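Chemist: Protein chains in written order, with my numbering: chain A, 1 to 286; chain B, 1 to 286.
Among these hints, one or two may not hold up.
Derived pair list, reagent style BS3-like, types lysine-lysine, alpha-carbon separation capped at 30 Å [claimed, not checked]:
{"id": "1", "chain 1": "A", "residue 1": "K14", "chain 2": "B", "residue 2": "K87"}
{"id": "2", "chain 1": "B", "residue 1": "K49", "chain 2": "B", "residue 2": "K87"}
{"id": "3", "chain 1": "B", "residue 1": "K121", "chain 2": "A", "residue 2": "K66"}
{"id": "4", "chain 1": "A", "residue 1": "K14", "chain 2": "B", "residue 2": "K51"}
{"id": "5", "chain 1": "B", "residue 1": "K121", "chain 2": "A", "residue 2": "K22"}
{"id": "6", "chain 1": "B", "residue 1": "K51", "chain 2": "A", "residue 2": "K22"}
Worth flagging that the hints you see were computed from the coordinates, not collected in a lab. Only a predicted model underlies this, so the values are computations on that prediction, with no experimental measurement involved.
Here is how the chains run, residue by residue.
Protein chains: 2
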Amino acid sequence: MGFTGFMEVIQTIKQMREAASKVRAAGKSIAFVPTMGAFHGGHIRLMQKAKTLGDITVVSSFVNPKQFNEKEDLNRYPRDPERDRLKAEKAGVDYYFEPAVEEIYPPGFLTTVNVSYLSSKLEGASRPGHFRGVTTVVLKFLNIVSPNTLVMGYKDAQQFTIIHQMIEDLALDVHLVGVPTARERDGLAMSSRNVLLSPEDRDKALSLNRALKRVHFLVKKQGILHTGELLQAVRSAINSSGAELDYAEIVNRTTLEPVDHVMRGGTYVLVAARVGGVRLIDSTRI
Amino acid sequence: MGFTGFMEVIQTIKQMREAASKVRAAGKSIAFVPTMGAFHGGHIRLMQKAKTLGDITVVSSFVNPKQFNEKEDLNRYPRDPERDRLKAEKAGVDYYFEPAVEEIYPPGFLTTVNVSYLSSKLEGASRPGHFRGVTTVVLKFLNIVSPNTLVMGYKDAQQFTIIHQMIEDLALDVHLVGVPTARERDGLAMSSRNVLLSPEDRDKALSLNRALKRVHFLVKKQGILHTGELLQAVRSAINSSGAELDYAEIVNRTTLEPVDHVMRGGTYVLVAARVGGVRLIDSTRI
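Isolated chain A, as found in the complex (with noise of 0.2 Å):
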């Protein structure tokens, strides 16, 4: 099946790596979109590129318990599997995995994969053990689906430096490419999480793409390079909006190591802040 047009939506594990085989068995390449499902363009687009880099696209939809540091953010995490199969379907994804919890982590589950020191900063300072569940959960649908190339986006940069670091260490045969983050028209980051923000939390939410601008501005038309400077013009752009500022880093974009000035290419500002009890993030790579 799949290639007829037509999406196959897959519940299980056993049928996702039946078809996934077949697919190799024809000599066809799989390109991989993990997802947690609320779809927005920013995953359409990653879908899209998906089809530009295998003959076969899967698509995963799976919202990961493991991830979610406080229940309450699991809980309310947005979803819509009707739609999200829709648009799915409407962006030519050949295969849809959409999996129980049950049969990810069926009862007794003890395994985990740690990316250790690069998943205890930033973000994962905020969210103890929120990349573990990533990492965990990656790597066992690059077991089950198998896929030549994995579609990410760039927007959660330290989680795409991870994944990158796993893929290494771990010798991975999957390459994986990163798709830039998709921005509605007021510059807003694409998230699921955006449909909970209200009309002036929205408006605090700007903040975070407004200091990222900002730091583009100083380095190309002011050649600051200097990060204390830059980090002082994206905290005072946040906090003078009303958000709550959670952090804001300037980073080697290997490492995640805070820099004392901007190497241009691999250099990555990364921010997040709280906006009506809403937790956002931000990126931009320099």
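We have chain A; now place chain B onto it with these hints.
Modeler: Only chain B this time, still in chain A's reference frame:
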């Protein structure tokens, strides 16, 4: 190559992956035996078993620093790479993967795979981090070799249970096959560490197997199923020999939880002791 009857020795991940991928492309199956070298009869049996289970046999030889919690133990671990290669070739191995430590753990390696709970008890309690080192390296080797079948000894019964749990939890597409413990003529479980035993130590070391045989006798001939009584016999057999008992437990073979009564087929007896500074383990299934 490898179809010619000559053993190919491979040092790099890239070459090993390419070789494995050619084998699979030719429609042949791979049986894989991970080892730390220092081959004894038990290893040869694993290789022989592997030859019956796959078209192509891959053996890795890698003294994994991450599974040694004591540096001294790592340093004095017996090594004889040339003799090992000859033995493997004689056993009919097709590919012999012998990477350097930096090939597997390059600078900046950060990822660990852990099977919680099972890894921290028994042998894991005495050797903190040991099983995390084992699961991390076994997963990495599985990713490189991508075998159809993984062949491991039952001697380290806890290790076997943990690897089985990891395979299930992470949905690894590999079939795990266990091989019964090979023993010397006097009953001592074959171990690379046995060469470190003096003649009088060896006498003490024999108490481990004697204790396990005693359990079988008590269960089969005297119908004793109560583990308290059985463990008393184990402890007295080992203690009276002069070996330093580390632990003796009778556990459920899946959960490694101590059991009150032997359930035939589902129970492991696990013992560990120190003899003249050498740590020995042995086990049996009832």
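Chemist: Would you mind marking each hint as holding or not holding in the structure?
Modeler: Status of the hints after comparison with the structure:
For the hint pairing A:K14 with B:K87, the CA-to-CA distance comes to about 39 Å; that exceeds 30 Å, so the pair is violated. A threshold of 30 Å between alpha carbons decides the hint, and for B:K49 with B:K87 the separation of about 15 Å falls inside it, so the pair holds. With a C-alpha separation of about 24 Å, the suggested pair B:K121 and A:K66 falls inside the 30 Å cut-off, and the hint holds. Only pairs whose Cα atoms come within 30 Å are accepted, and A:K14 paired with B:K51 is accepted, the gap being roughly 27 Å.
Pair hint B:K121 plus A:K22 does not hold up; C-alpha atoms about 41 Å apart against a cutoff of 30 Å. Taken as a hint, the B:K51 and A:K22 pair is honoured in the structure, with Cα atoms around 27 Å apart against an allowance of 30 Å.
In terms of the numbered hints stated before, the structure departs from hints 1 and 5, listed from lowest to highest.
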